[in-house]
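> Could you build all of it, start to finish, from the sequences and the hints given here?
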Amino acid sequence: MAAVDVSVLLAACLLVLGPLAVVLQRQPWLSAVVYAVAALLCAGFALVGLVALAGPASGSALVLPIGLPWIGAHLRLDLLSSFFLVVLGLGGSITSLYAIGYGRHEHAPLRVLAFYPPFLGAMALVLLADDAYTFLLSWEVMSLLSWALVLTHHREEDTRTAGYVYLVMAGFGTMALLLAFGLLAGADGGYGFDAMRGAVRSPLIVAVVLGLMLLGAGSKAGLAPLHVWLPLAHPAAPSHVSALMSGVMTKVALYGFIRVVFDLLGPLEWWAAPVVIFLGAATAVLGILLAMMETDIKRALAYSTIENIGVIFAALGLALAFRANGLTAAAALAFSAALFHIFNHMAFKSLLFMGAGAVLNATGLRDLDRLGGLIHRMPVTAFLMLVGVLAISALPPLNGFASEWLLFQAVLMSPGIPQSGLQLMIPAAGGGLALAAALAAAAFVRIYGVGFLGRARSDAAGSAVEVDRFSLTAMGILAAICVLAGIFPGVVLDAMAPVVQAVIGGRLPVQANESLFTIVPIAEARSSYNGFLVFIFVAFCASAASWAVHRFASRQLRRAPAWDCGFPDASTMTQYSAGGMAQPLRRVLGSTLLAARERVEMPEPGDRRPARLVVRVADLVWQVIYLPISGLVGAVATRMDRLQFLTIRLYLSLVFGLLILLLIGLMLWQ
Amino acid sequence: MEGLAFDIAHLLAGGMLLVSFMMIYQDRLLALLKVFALQALVLSLSVAWQAYQQDAPHLYVTAAIALIFKAVIIPIALRRIVLQLGIQRQVETVVGIGLTMLAGIGLSALSIVLMLKVTAAADAFAREDLAFALSVVLLGLLMMVTRSNAVSQVVGFMSLENGMILAAAGAKGMPLVVEISVAFSVLVAFIVIGVFLFRLRERFDSVDITALEDVRGDQE
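For the record, the sequence lines run as chains A and B.
Under the UniProt record's numbering, the first residue of the first sequence is numbered 1, with each subsequent residue one higher.
Under the UniProt record's numbering, the first residue of the second sequence is numbered 1, with each subsequent residue one higher.
To be clear, the hints were calculated from the coordinates, so they are not data collected in a lab.
All residues carry an ideal CB built from backbone N, CA and C; glycine is no exception.
Just to be clear, a hint being listed does not mean it is correct.
Claimed, not checked - A few chain A residues that face chain B, going by a derived Cβ cut-off under 8 Å, partial list only:
{"hint": "1", "residue": "Ser-653"}
{"hint": "2", "residue": "Leu-663"}
{"hint": "3", "residue": "Gln-670"}
Unchecked claim - Here are the in silico distance ranges between beta carbons for each label pair:
{"hint": "4", "chain 1": "A", "residue 1": "Leu-646", "chain 2": "B", "residue 2": "Ala-5", "range": "41 to 49 Å"}
{"hint": "5", "chain 1": "B", "residue 1": "Val-94", "chain 2": "A", "residue 2": "Gly-182", "range": "38 to 46 Å"}
{"hint": "6", "chain 1": "B", "residue 1": "Gly-98", "chain 2": "A", "residue 2": "Met-640", "range": "31 to 39 Å"}
{"hint": "7", "chain 1": "B", "residue 1": "Leu-11", "chain 2": "A", "residue 2": "Met-175", "range": "51 to 59 Å"}
{"hint": "8", "chain 1": "A", "residue 1": "Ile-625", "chain 2": "B", "residue 2": "Gly-98", "range": "52 to 60 Å"}
{"hint": "9", "chain 1": "A", "residue 1": "Leu-659", "chain 2": "B", "residue 2": "Gly-86", "range": "34 to 42 Å"}
{"hint": "10", "chain 1": "B", "residue 1": "Ala-120", "chain 2": "A", "residue 2": "Leu-179", "range": "30 to 38 Å"}
{"hint": "11", "chain 1": "B", "residue 1": "Leu-11", "chain 2": "A", "residue 2": "Pro-65", "range": "52 to 60 Å"}
Written out as structure tokens, the structure reads:
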């Protein structure tokens with residue numbers, strides 16, 4: 001049995017598992033069993049993917065006699081698919097493990113159970129598809145199932161809004177993809193990916209397809225300015241689904257982009273690169289700024305997803321720029337950075353969403369300004385969250401640092417590019433990415449500091465209890481992945497080297513030749529990074545400092561008024577709030593980019609209301625792009641509304657008039 | 001197709017168009033039904049001539065269908081409906097007869113110019129036949145648009161179908177299945193609309209389709 005057969009079988013099992021859950025809905029053990037089976041099936045994906053990564057470059061193919069008549073469904077598991085299948089398998093299985101514990105707290109578990117396993121299966125089919133029809137069908141099924149999952153808590157007004165916005169954006173994205181594949185197939189209608197690879201296209205077609213892919217895959221991944229649905233929809237879903245959507249589904253969207261732009265479209269000219277790099281860098285900065293301003297913990301995480309997608313797109317754009325100029329080694333470096341960051345983001349974003357879910361479970365709260373002090377009540381969750389927060393802030397020796405370091409190494413290769421425009425632009429984009437990385441650290445210090453440190457700001461936070469073992473195990477596995485991929489990045493890079501070789505035509509130096517812990521992007525003389533050394537250094541310094549403090553500090557008992565500056569006796573509101581921590585950056589960067597305005601509302605003398613500081617932050621994309629469009633659509637729809645109430649004869653006259661017009665047009669045109 | 005055969009086919013197809021114009025001119029329902037029967041008769045003659053010329057016996061069936069259903073049964077049934085409803089005196093044309101005739105002439109000119117241009121490669125008869133057929137179709141549509149009485153709209157619809165059958169018969173090798181299905185669809189449309197007329201009459205005491213709009217509760 002070839003690898004593709006196994007993975008299709010696993011996907012089919014997942015697709016069937018959902019309806020099966022509906023049939024068995026009365027069983028009390030249902031939730032745990034469904035999630036456990038889903039976890040096993042996804043682990044199967046990861047295994048199959050790992051095996052296929054070591055296999056031949058063309059992978060294994062399969063044609064099923066379903067789908068369009070005479071064409072059937074073409075499926076193939078090649079190296080690129082295998083890598084993403086590993087990401088999907090790991091993310092899916094660990095999330096399902098988490099859900100065994102987390103899912104018990106759902107009020108209506110069936111609303112999730114019916115859609116969750118098929119959602120995983122549909123994502124796998126997107127990765128396996130080898131013709132346009134199968135790809136688009138699986139993509140649309142994936143979109144619709146995730147939409148149904150977003151609407152799990154459909155009684156909340158915000159969730160319904162999120163579902164509506166998501167549905168509109170998903171429909172728009174699929175339409176763009178449909179057009180892109182139509183153009184790729186050309187007039188002859190070669191819908192198999194093989195036929196598309198061989199086709200010859202004019203530069204105009206190539207440019208339009210690239211634009212459509214940025215719209216279609218970009219809207220699903222969360223590329224600005226198409227990101228607006230993401231911070232609404234991802235947090236609205238139950239937390240394990242949020243983890244899956246942010247950690248895995250955005251990666252499936254990236255897979256679609258990579259598959260078309262790097263594989264099917266053939267070699268691109270250099271002008272494609274600056275568009276992708278600019279969009280990526282802008283998305284990264286905008287996303288993390290919005291995350292910095294957000295006080296809802298899950299929403300802040302969703303905004304941070306947008307930032308990471310931007311980082312990955314920038315890396316892909318760099319790879320395009322280098323590849324167009326024949327700089328294969330640099331292109332392989334940028335592409336490896338993108339793939340590595342895709343893997344890493346799956347790990348730490350899933351971990352963080354699970355942590356947020358644990359907090360939500362324990363306290364019922366998502367608002368940072370009402371949390372606090374959770375490190376005392378939920379020590380294990382707090383520690384695992386800390387690992388995730390450090391990883392996403394790209395601090396060594398964790399995995400986020402390794403991939404972002406590779407990305408910046410690729411940025412530093414830009415002087416080799418002959419086009420002066422790109423030479424100017426790439427360092428600027430690199431500056432933007434560095435800004436985003438720094439802001440990410442600030443944003444996550446804020447989330448962790450306000451949420452987990454200090455004292456509880458509400459009774460719910462003060463009486464939180466640690467979550468169940470399944471959830472902790474799942475988070476623990478992800479934290480371990482973050483640490484191990486950070487200390488042994490060479491192993492991960494070697495494992496994904498065949499993928500880079502297949503897509504770019506070159507690869508990084510074999511990392512296993514170096515010492516076990518070192519990664520070398522181009523040559524040892526140029527730069528290298530040893531995560532383990534940093535780990536030892538950090539561990540040693542921290543231990544030494546801790547020992548020194550305990551050894552040399554005075555042990556004598558001292559009595560003093562505890563912190564007279566309003567702490568700790570007065571209200572917990574005297575602690576730094578989430579809004580307060582965001583204020584400096586809001587004032588420096590937010591006033592133009594986010595139209596941030598703050599106003600002090602002073603009560604009149606004699607009025608006993610408290611004074612208030614009102615802060616307003618807006619995503620300008622909404623106001624500049626979406627509101628005018630929706631206003632236009634609304635105005636046109638209001639005008640067209642009258643067409644619903646014409647007489648029958650007038651309808652006939654309209655048809656008649658149009659027919660005559662078309663005939664006259666035909667006459668003149670012939 | 002040459003000589004006398006071409007002339008006869010041409011005459012019959014042109015006759016269809018002429019009768020279509022006669023239908024537009026009629027402002028009494030019973031006269032309209034008679035003209036419609038005449039059109040169906042000309043159609044059946046035309047199709048029968050095509051059957052004889054093309055040596056295609058299945059076209060005789062089509063001719064028979066046109067003769068029996070459209071020239072006899074449907075006009076008689078519609079005539080009974082009109083008499084039962086007592087609406088033989090009313091024809092509310094929306095646009096004046098003269099203007100409608102002018103529009104009809106324009107439509108014929110359009111379809112002839114268009115068809116002669118588009119089908120430059122086909123043989124002479126097929127081109128003329130298609131031009132006539134398209135004219136008849138457009139005139140049928142014109143009639144549906146310019147009349148507000150349901151019965152005359154039904155007649156306009158069936159006249160439109162006649163034009164289609166004329167085109168189908170003129171094209172060599174058109175399978176019989178299509179013609180039968182078209183004929184039956186007309187019959188079905190007739191039955192449905194006949195029933196609909198009676199119900200309309202029962203409820204609103206009028207077959208004027210503007211009565212339907214009141215039911216929808218729209219603010220016109």
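> Would you mind marking each hint as holding or not holding in the structure?
Hints versus structure:
Hint status for Ser-653 (chain A): holds, given a least beta-carbon distance of 5 Å to chain B, under 8 Å. Residue-level restraint check for Leu-663 (chain A) holds (minimum Cβ-Cβ distance to chain B is 6 Å; threshold 8 Å). About 5 Å separates the beta-carbon of Gln-670 (chain A) from the nearest beta-carbon of chain B, less than 8 Å, and the hint is met. The supplied range of 41 to 49 Å is met by Leu-646 (chain A) and Ala-5 (chain B), whose beta-carbon atoms lie about 48 Å from each other.
Between Val-94 (chain B) and Gly-182 (chain A), the C-beta spacing of about 44 Å keeps the proposed range 38 to 46 Å intact. Judged by the Cβ atoms, the range 31 to 39 Å given for Gly-98 (chain B) and Met-640 (chain A) holds: they are separated by roughly 35 Å. For the pair Leu-11 (chain B) and Met-175 (chain A), the supplied restraint of 51 to 59 Å holds, since their beta-carbon distance comes to about 54 Å. Range check, Ile-625 (chain A) to Gly-98 (chain B): Cβ separation about 55 Å, and the 52 to 60 Å hint holds.
A hinted range of 34 to 42 Å for the beta carbons of Leu-659 (chain A) and Gly-86 (chain B) is consistent with their spacing of about 35 Å. One distance hint, 30 to 38 Å for the beta-carbon pair Ala-120 (chain B) and Leu-179 (chain A), holds here, with the actual separation near 35 Å. A beta carbon spacing of about 56 Å between Leu-11 (chain B) and Pro-65 (chain A) agrees with the range 52 to 60 Å that was offered as a hint.
In this structure, none of the earlier numbered hints is contradicted; all agree with it.
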